[in-house]
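**Student:** This is what each chain is made of:
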Amino acid sequence: MLGEFEYLLLSAAARLGDEAYGAAIRQEIETATGSRCSIGALYTTLDRLEAKGFVSTRMGDPTPQRGGRPKRMVRVTAKGVEEATAFYNAVTTASRGVVWAVPPAGGRV
Amino acid sequence: MNSWLLGVLARALEPSDRHAVLGDIAESGEGIFPALRDLLGLIIRRQAALWTTWQPWLALLGIGIVAGASLSRIAGGFTGGIFQQWRTYEKYGVHYATGVTPRQDFAFLACLAAGLIVWSWTSGFVLQSLSGRAAWVTWLVFCLALWTCVCFSSQRSAEHFWERAAACRRFATHTFWST
Chain A
1 MLGEFEYLLL SAAARLGDEA YGAAIRQEIE TATGSRCSIG ALYTTLDRLE
51 AKGFVSTRMG DPTPQRGGRP KRMVRVTAKG VEEATAFYNA VTTASRGVVW
101 AVPPAGGRV
Chain B
1 MNSWLLGVLA RALEPSDRHA VLGDIAESGE GIFPALRDLL GLIIRRQAAL
51 WTTWQPWLAL LGIGIVAGAS LSRIAGGFTG GIFQQWRTYE KYGVHYATGV
101 TPRQDFAFLA CLAAGLIVWS WTSGFVLQSL SGRAAWVTWL VFCLALWTCV
151 CFSSQRSAEH FWERAAACRR FATHTFWST
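Line by line, the protein sequences are chains A and B. Take the first sequence: its position 102, counted from the start at 1, is 102 in our numbering, and no numbers get skipped. Take the second sequence: its position 34, counted from the start at 1, is 34 in our numbering, and no numbers get skipped.
I should point out that these hints are in silico values taken from the structure, not numbers from a laboratory. A portion of the hints provided could be inaccurate.
Output of the computed footprint for chain A on chain B, the stretches with three or more beta carbons under 8 angstroms from beta carbons of chain A [stated by the list, open to error]:
| no. | stretch |
| --- | --- |
| 1 | 11-19 |
| 2 | 23-34 |
| 3 | 44-57 |
Stretch by stretch, here's where chain B covers chain A in the computed footprint (C-beta under 8 angstroms, at least three residues) [said to hold, decoys possible]:
| no. | stretch |
| --- | --- |
| 4 | 30-41 |
| 5 | 66-74 |
Keep in mind it's a predicted model, so treat the numbers as computed, not measured. Even for Gly, the Cβ is constructed at its ideal location relative to N, Cα and C.
So here's chain A without its partners, still in its complex pose:
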């Protein structure tokens, strides 16, 4: 089973498609969650996902806006898609019938 940050990363990479690389994925995660995503968390999670076979990475071409440095391009594998789907289904099933509303003071959820 994926962790939630792993799922966020896989989702961002899947959404970006061929344009999925470190900085773009980070931007996607920050936009989705509204909180800062550290490079350390991003790259170590990326390594872990690659070791599990859920993503594959390759070095892309260097661009001037990156100071001539290459991108680490990310692609979600079929195994990664399966895992992300399983995670999504589990969360959807677990959330069925749940209404997330702030309870009144002294009330129960």
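Since the structure of chain A is provided, determine the placement of chain B on it from the hints.
**Tutor:** Relative to the frame of chain A, chain B by itself:
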């Protein structure tokens, strides 16, 4: 200056990682402090991951501390021996009396020097082979252990030397001035 500092820190990463991460930082356009925090965070995570295997621990404890301490004892014995001989010859113009002939003393010091070279090379090779990317930590510990023990044993050797030198002087004074 900023990019220089980031470049220096990024050397702790693998070359492929280094370029991708520095590129991401450049593209995000964040300030130096958030960039440094991000980079340091990644370096710490990467280093921590290296220490989840047994090899760096063996290098740290087995080579860095145990072999480092014994190597420093050999080095201490060697420098102490050379120092004693040099100071005695310089002050009194004689060979320091160690109970053996100067030729045997020289042979002993030469063997000690050879042992020092072989032991140093072997320790360095094993340390580097076992440590991998965690080498800078194990090397740091190894050098600290070596330096601490060498300083300690050199100090003892020097103290021992001056005690022996004072005894020599007393003996010479007693022998030549009393007759």
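**Student:** Decide, hint by hint, whether the structure agrees.
**Tutor:** Hint-by-hint comparison with the structure:
1. 11-19: holds (count 3)
2. 23-34: holds (count 6)
3. 44-57: With 4 residues in contact (Cβ-Cβ under 8 angstroms with chain A), the coverage given for the stretch 44-57 of chain B holds.
4. 30-41: holds (count 4)
5. 66-74: Since 6 is at least three, the answer is holds.
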